[in-house]
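**Q** The task is simple: from the sequences and hints, build the whole structure.
Chains as they are written, first to last, in the working numbering: chain C, 9 to 120; chain A, 342 to 455.
Some hints here could point you the wrong way.
Claimed, not checked - Covered by chain C, according to a simulated footprint, are these stretches of chain A (three or more residues, beta-carbon under 8 Å):
no.: 1; region: 357-366
no.: 2; region: 386-398
As the list claims (entries may be wrong) - Ranges between beta-carbon positions, derived for each pair:
no.: 3; chain 1: A; residue 1: Thr-417; chain 2: C; residue 2: Lys-67; range: 24 to 32 Å
no.: 4; chain 1: A; residue 1: Leu-380; chain 2: C; residue 2: Val-52; range: 17 to 25 Å
no.: 5; chain 1: C; residue 1: Ala-86; chain 2: A; residue 2: Arg-363; range: 40 to 48 Å
no.: 6; chain 1: A; residue 1: Glu-385; chain 2: C; residue 2: Ala-76; range: 22 to 30 Å
no.: 7; chain 1: A; residue 1: Lys-355; chain 2: C; residue 2: Gly-48; range: 18 to 26 Å
no.: 8; chain 1: C; residue 1: Asn-105; chain 2: A; residue 2: Gly-413; range: 18 to 26 Å
no.: 9; chain 1: A; residue 1: Gln-382; chain 2: C; residue 2: Thr-36; range: 34 to 42 Å
Said to hold, decoys possible - Short, incomplete list of chain A residues facing chain C, as computed with Cβ under 10 Å:
no.: 10; residue: Val-345
no.: 11; residue: Gln-347
no.: 12; residue: Pro-349
no.: 13; residue: Arg-372
no.: 14; residue: Tyr-374
no.: 15; residue: Tyr-376
no.: 16; residue: Gln-382
no.: 17; residue: Pro-411
no.: 18; residue: Gly-413
no.: 19; residue: Ser-414
no.: 20; residue: Phe-440
FYI, nobody ran anything at the bench for these hints, they're computed from the structure. All C-beta atoms, glycine included, are put in the ideal place defined by N, C-alpha and C.
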Amino acid sequence: GQQVMQIPQYQHVQEGEDFTTYCNSSTTLSNIQWYKQRPGGHPVFLIQLVKSGEVKKQKRLTFQFGEAKKNSSLHITATQTTDVGTYFCAGPSSSGNTPLVFGKGTRLSVIA
Amino acid sequence: DTGVSQNPRHKITKRGQNVTFRCDPISEHNRLYWYRQTLGQGPEFLTYFQNEAQLEKSRLLSDRFSAERPKGSFSTLEIQRTEQGDSAMYLCASSNGGFGNTIYFGEGSWLTVV
Chain C
9 GQQVMQIPQY QHVQEGEDFT TYCNSSTTLS NIQWYKQRPG GHPVFLIQLV
59 KSGEVKKQKR LTFQFGEAKK NSSLHITATQ TTDVGTYFCA GPSSSGNTPL
109 VFGKGTRLSV IA
Chain A
342 DTGVSQNPRH KITKRGQNVT FRCDPISEHN RLYWYRQTLG QGPEFLTYFQ
392 NEAQLEKSRL LSDRFSAERP KGSFSTLEIQ RTEQGDSAMY LCASSNGGFG
442 NTIYFGEGSW LTVV
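**A** Take a look at the structure:
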């Protein structure tokens, strides 16, 4: 079945440093979605990318969808303590006939 | 607009007991999903409904698990004869339309089986 892999599993950064997490799917995706889960919280939708090669920005967050629609990345510039949490990517298959499959996430810690 | 609501938020139960969780989705959403999440893992798909019809069940959903959405609105997830391995957060989510659309999660129901 479809698998979604994320690296790294954990990342510890000093406040102000940049952070990047990478997401790879075993199958082509119709779209990729990113979620953030704060410690003790639930996943909250951040963004959806649909087009091959698409890049979207939300303030200090930059999201990219690969040309082959099998990988994606999330980059945070100048991390802040409010960025702490686990970032998940998720996607349905290109056929669109499967529910969202989530990666295991990248847990970000920010040291002030 | 209220989001996805789940209750109870926390449940501690003895092994062998039955538990039931309830989910109230966003009102205009026709799809409702149940996911399970354990520590250090991403949400794992369990089952989903389109309106009142249960259209897919994961292999993770053993015979001890049953989900219903009787009127196409709220849903219940029942776990019978709980086992320690059932300890997890059970997340409900809803969406409008197909799998490509964004899903919105509730705050989850934490289950601890002792």
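**Q** Out of the numbered hints, which ones does the structure contradict?
**A** 1, 3, 9, 12, 17, 18, 19
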